[in-house]
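Asker: Using the supplied hints, reconstruct the complex from the two chains, each of which is provided in its own coordinate frame.
One line per chain: the protein sequences are A and U, in this order. Residues 0 to 171 (numbering that gives the first Met the number 0) are what the first sequence spells out, left to right. Residues 0 to 128 (numbering that gives the first Met the number 0) are what the second sequence spells out, left to right.
Quick caveat, the hints were computed from the structure, so don't treat them as lab data. Source: prediction; values computed, not measured. Check the hints yourself; a few may be wrong.
What the hints assert, rightly or not - Only part of the chain A face toward chain U is listed, based on derived beta-carbon distances under 7 angstroms:
hint	residue
1	N28
2	P56
3	I76
4	A84
The C-beta atom is built at its ideal place from N, Cα and C for all residues, glycine as well.
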Amino acid sequence: MRVRASLRRWLPHPALSLVLTLTWVALQNDFSAAQWLMGAILGVAIPLFLRPFWPDPPPVRSWRAALAYAAIVLWDITKANVQVAGWVLLRRPETLRSTWLVVPLRLRLPEAIALLAGTITMTPGTVSCDLAADGSALLVHCLHTEDAAATVAEIKTRYEERLMRIFGEGEA
Amino acid sequence: MADMLIAALLLVGAFFGFVGSWGLVRLPQTMQRLHTPTKATTLGVGGVLLASIVYFGGVRGEWSIHELLITLFLFLAAPVSALMLARAWLHRERERVRATLPRPGASGVDWGTFQPPPEESGSGAEPRR
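With the rest of the complex left out, here is chain U (with noise of 0.2 angstroms):
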């Protein structure tokens, strides 16, 4: 009962990792390459995860909180990576990207990627981005 249990897990997992690497192979624009990876990162992963709890916890008799920890660290990781890559891209394509963009409000601000770097005083702290 509980092999089933976990092969249907890890049937599961395998599945969704599939569609995220067919996805990143398929589809034509960057930006929607970057879609697939968060879906391997949740369901992909959390399959796996969810087989190895039944696993050791229901045949081994050892009960592992590990998975539990992979997700939280995958939650804090993955939105920071993508944001970081989308916002290197937006950076890289500004010239060709800037004017398809909508923008933010009716008032005057950007994006604050196209933001000019803070003038150079004081400390020197601000990132430049």
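Just chain A, with the same shape it has in the complex (with noise of 0.2 angstroms):
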């Protein structure tokens, strides 16, 4: 218990310290043990300087989950990329049905929300624009649907309903 509470207030988040610390590394690209020393040093130091501004990150409860998350965004990056690839350079500008969508949100973690907003951004033919004051709703543009509800409700199933698995939203 003593172990935990002093790993949490020099480590508040494991996560980062590690991805800093190969970021570290991979932008020296160099392998060497000073620099693994500098990278861990930095690790440890950007996050403690951090803790004010993040005082709880979530959990992450299935980091499995979480890289299945990951190449299923990949894959849909690059399937979305071709058919947008279609429109643009095949039909006349005239003929897109651009929408505005309403995509009501479960999910209330902020990370898990900013998380969502940045996949639907990435994925092409849709942009997240802004977020409903109070978090319940993302207001997400769509350059081509044939079906916004379809679209709705394929975004909910395919990524949010993941996330909220990532980090066991809605299990409580």
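Answerer: Next comes the structure, spelled out in structure tokens:
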């Protein structure tokens, strides 16, 4: 218990520390012990400075679900790129049916909502534009869709449900 | 063999980079044009980066993971800048656009951009919109 408390005190964001260390070593492109040590120092120091600004990071409940999510998003980006390239090159712009979509959110964690908004933007064809003042819905601009309700349903089942599983939301 | 692969990846990257720029020129509405940079930053840059990995790893024998970092930074920066652009546009065009937007829900809440700025009180740490 004591060990856990002091771990939390000195490593408030363990995953962030790991990412920072790896990023440092990768930036240097040099895998010597000195660079690992420097990376580790940065990996400990930066989250400590950050802690007042990010007090309660949500724990990731399932890293397997997170990896699967990353793979699905990469695949969707590739697929949607081809589709959107077809629209841009082959269709006359006037025939594109651009609409606003409202995606009601079940996610409550700000970190999870940020991830969902980022995913929507990176997937070609949709850009997240705004969040409701109370965080209950996302405003998404869609370049072209035949069926707005189906697009919203796809965002919810394909991304939001997986994010809820990753962060363990909706269980409590 | 490696040359063929590198050439193919470069062509894929160039093609999607071109589509992104083409859309930027051709699409009529501001919000539609916001879609095209996300294409260029995903598969466009992705193709070039993969070609770079294959070239330095397969041909020159110097494995480098800088390309992965570029991807990481792009994936962090692109959605944030797109969101900033979209909100700036919503804010500037609010007189015209606000009535055409769907509402976030049945209750009285509005989109964050249209919220009046919080009252100046205390530290004033809240960013003004």
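Asker: Run through the hints listed earlier and report the numbers of any the structure violates, in increasing order.
Answerer: 2
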